[in-house]
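J.: Keeping their order, the protein sequence lines are chains A and B.
What the first sequence shows, in this note's numbering, is residues 1 to 251, in sequence order.
What the second sequence shows, in this note's numbering, is residues 252 to 595, in sequence order.
Keep in mind that a hint or two might mislead.
[What the hints assert, rightly or not] Derived Cβ-Cβ restraints for the label pairs, each shown as a range: (1) B:485 - A:150: 34 to 40 angstroms; (2) A:208 - B:571: 52 to 58 angstroms; (3) B:521 - A:178: 36 to 42 angstroms; (4) A:208 - B:523: 42 to 48 angstroms; (5) A:165 - B:523: 29 to 35 angstroms; (6) A:178 - B:560: 50 to 56 angstroms; (7) A:150 - B:370: 49 to 55 angstroms; (8) A:197 - B:560: 19 to 25 angstroms; (9) A:150 - B:573: 30 to 36 angstroms.
[Unchecked claim] Using 20 angstroms as the maximum straight-line C-alpha spacing, the simulated EDC-like pairs for lysine to aspartate or glutamate come out as follows: (10) A:104 - B:344; (11) A:189 - B:418; (12) B:285 - A:79; (13) A:104 - B:290.
[To be verified] Some chain A residues close to chain B (C-beta under 7 angstroms, calculated; not the full set): (14) 65; (15) 84; (16) 105; (17) 110; (18) 159; (19) 173; (20) 181; (21) 232; (22) 238; (23) 244.
Derived from the structure by calculation, the hints contain no laboratory data.
Even for Gly, the Cβ is constructed at its ideal location relative to N, Cα and C.
Letter by letter, the chains look like this.
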Amino acid sequence: MSLQKNASARRRLQMKGLLLTVTLLAAGSRGAQADTQRAVLTPPDALAGTAAIVEGNVKGFTYTFDPAAGPRTIATLSDVTTDFGSYRDTTLQVATLGGPINEKQGLFIPELPRLTDDTRYLIFLNNITWFFSPVVENYVFRIELNANGTEVLIAPTGHAVVGLSSAGLVFTPDPVVDTHVDFLTPTAKLPLIGTTSNELATAMPKTTFLAIVQRLLATTPLQGEFSPVPDSTRVWNVIGTVQEPLRSASH
Amino acid sequence: MNRKNLFTAAALLTGLFVSSYAHAFVFWTCNGNKIVWSDPFTMVPNTFSVPPGGQRDASVNNAINSWVGVIGMMDMVSKSSTVTIGNTVTTGDGQNDVAVAPRANIGGNNGLTLMIHSLCFLSSSWGEADVFAASDLNFGPVKQDTLVSNSGRSTFMHEFGHAHGLDHDQKFNNMRVPQPRPVVGGPNETVDVLPDDAAGGRFLYPSGNPEVNLFASAQRLNGATDTILMNHTGSITSCSGGGGTVTLNSTVGNNGTVNVTQTERWWVSTDPNAFSGGFLIFQWNNSTFNANTVLTRQVTFKMPALPVGTYFLFHGVDVFHQVSESREDDNNVREGLIINVINC
Numbered sequence: 001m002s003l004q005k006n007a008s009a010r011r012r013l014q015m016k017g018l019l020l021t022v023t024l025l026a027a028g029s030r031g032a033q034a035d036t037q038r039a040v041l042t043p044p045d046a047l048a049g050t051a052a053i054v055e056g057n058v059k060g061f062t063y064t065f066d067p068a069a070g071p072r073t074i075a076t077l078s079d080v081t082t083d084f085g086s087y088r089d090t091t092l093q094v095a096t097l098g099g100p101i102n103e104k105q106g107l108f109i110p111e112l113p114r115l116t117d118d119t120r121y122l123i124f125l126n127n128i129t130w131f132f133s134p135v136v137e138n139y140v141f142r143i144e145l146n147a148n149g150t151e152v153l154i155a156p157t158g159h160a161v162v163g164l165s166s167a168g169l170v171f172t173p174d175p176v177v178d179t180h181v182d183f184l185t186p187t188a189k190l191p192l193i194g195t196t197s198n199e200l201a202t203a204m205p206k207t208t209f210l211a212i213v214q215r216l217l218a219t220t221p222l223q224g225e226f227s228p229v230p231d232s233t234r235v236w237n238v239i240g241t242v243q244e245p246l247r248s249a250s251h
Numbered sequence: 252m253n254r255k256n257l258f259t260a261a262a263l264l265t266g267l268f269v270s271s272y273a274h275a276f277v278f279w280t281c282n283g284n285k286i287v288w289s290d291p292f293t294m295v296p297n298t299f300s301v302p303p304g305g306q307r308d309a310s311v312n313n314a315i316n317s318w319v320g321v322i323g324m325m326d327m328v329s330k331s332s333t334v335t336i337g338n339t340v341t342t343g344d345g346q347n348d349v350a351v352a353p354r355a356n357i358g359g360n361n362g363l364t365l366m367i368h369s370l371c372f373l374s375s376s377w378g379e380a381d382v383f384a385a386s387d388l389n390f391g392p393v394k395q396d397t398l399v400s401n402s403g404r405s406t407f408m409h410e411f412g413h414a415h416g417l418d419h420d421q422k423f424n425n426m427r428v429p430q431p432r433p434v435v436g437g438p439n440e441t442v443d444v445l446p447d448d449a450a451g452g453r454f455l456y457p458s459g460n461p462e463v464n465l466f467a468s469a470q471r472l473n474g475a476t477d478t479i480l481m482n483h484t485g486s487i488t489s490c491s492g493g494g495g496t497v498t499l500n501s502t503v504g505n506n507g508t509v510n511v512t513q514t515e516r517w518w519v520s521t522d523p524n525a526f527s528g529g530f531l532i533f534q535w536n537n538s539t540f541n542a543n544t545v546l547t548r549q550v551t552f553k554m555p556a557l558p559v560g561t562y563f564l565f566h567g568v569d570v571f572h573q574v575s576e577s578r579e580d581d582n583n584v585r586e587g588l589i590i591n592v593i594n595c
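Assemble the whole structure, with the sequences as input and the hints as a guide.
T.: Written out as structure tokens, the structure reads:
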């Protein structure tokens, strides 16, 4: 009986904590507003958050600052073609949070994918209301020709893609691109590493990659529309936090 | 069977090299100059999301203590005695915050670090770093004989690497994306700064002091697929009379600055926490591990006679304490392999 009482008391305490959390979050600023993003662990997870898979050439960058949207580095892609999904324009702007804030300071977010000048990409575009980047997780791949003239894909880590399945992506053992970035030329095209010809020869052709994507789409079809602009309800420099659950905090 | 007999029975058949690498950390530059903090920086915990004494707090403390624990690197990060108590964190206020946020608030990422820097002309430096981890992660300790993809401890370790100025790098390290990331062995904290991370920290903030530290790990880098795998999973069967041949992957890291020669051992026990020893099955004298490297070797030997039972497999480095290390509790690892000894 006393055990039941204790358990009930604990539940009441947990419920009070839960209500407090809900109340505080509801009362939070615009920065605490959540969107629908979730963890991307596998390619089907990525496809579930994708509106369209497109290809395009980066033709230039602009930098903007808005008090709400914050500093943005905007890559403009031209000659955009759509492999899957509903994107219909021939140009695309990828507006990633980060860039000059004022004449003295800049914002940099290491986890966000970075595009470079004069580079062709295959991009998975979000189907949700996004704020940090319109790209689904790190599903943005640089397209390069290997020695055979076959288009292959290079991930943001600098490693070429050699495999794709519902379980995950497989990459070359070593990077084929030097991913080092100098902030003096933050959008400069990253050089291929001199010894990459063999690595690129083992990379999966883009056409094979897309054929596998098509098969995966049979079980995880693309849905939704891509929005080219970030969530207008959020403010760049305010992020809402969340309380630690009582069970975890008590350990 | 005494130890001498055991060593004779456990004859080494092969010691096959599986993978090894030296450091390859990546960092950002401005006009060729590394971008660093000009002074040590202090992180202010958001106690609304990281209350003192909780698992999240322990994760933050572990990340800070681990980075500060790198000898040869200046102590750059510390935890502030002041806190924020609100349910938001602001970037651009000159204060370095550490917090936990709903995943959706940080773009679906496990972690996110917002870094303010002076604009790059001839040089640049960091001025603020706000570090976040997603609230749906598990902030508890990471078991050494498993692979996890949702560790808050690993996320904070990774994000604090960014906060120091390190970029992603796909090695046996904490700066690789995505999880799982490798961990060290031992009875205590398993998420620690790894050789490539430490080399990066020492490069960005050199103090010149030497460090001696080896660790054993139950994971390895599969160079062919650029993934972290377990050395072993599942179970094997061995006869109580011994004599069967066993091949093991064994990983040792040296996250110090000094090459270390010492003695390794492999042992089994029915106790999952037998870090200080059980039934010795093999010993390798005078193996050397170079500074800032991780080495996975395939070792084959004959099983000794053992009592019938279910055994956990352990691998230890510097088992005779031949060297004085900065951390002694990460030398012995429980591998992810169960050995069922049956009566035959």
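J.: Evaluate each hint against the coordinates.
T.: Here's how the hints hold up against the structure:
no. : hint                              : result
1   : B:485 - A:150: 34 to 40 angstroms : 39 angstroms, holds
2   : A:208 - B:571: 52 to 58 angstroms : 53 angstroms, holds
3   : B:521 - A:178: 36 to 42 angstroms : 50 angstroms, violated
4   : A:208 - B:523: 42 to 48 angstroms : 44 angstroms, holds
5   : A:165 - B:523: 29 to 35 angstroms : 34 angstroms, holds
6   : A:178 - B:560: 50 to 56 angstroms : 53 angstroms, holds
7   : A:150 - B:370: 49 to 55 angstroms : 41 angstroms, violated
8   : A:197 - B:560: 19 to 25 angstroms : 54 angstroms, violated
9   : A:150 - B:573: 30 to 36 angstroms : 53 angstroms, violated
10  : A:104 - B:344                     : 14 angstroms, holds
11  : A:189 - B:418                     : 17 angstroms, holds
12  : B:285 - A:79                      : 36 angstroms, violated
13  : A:104 - B:290                     : 18 angstroms, holds
14  : 65                                : 11 angstroms, violated
15  : 84                                : 20 angstroms, violated
16  : 105                               : 6 angstroms, holds
17  : 110                               : 4 angstroms, holds
18  : 159                               : 6 angstroms, holds
19  : 173                               : 4 angstroms, holds
20  : 181                               : 6 angstroms, holds
21  : 232                               : 16 angstroms, violated
22  : 238                               : 5 angstroms, holds
23  : 244                               : 5 angstroms, holds
Hint check: violations occur at hints 3, 7, 8, 9, 12, 14, 15 and 21; the rest are consistent with the structure.
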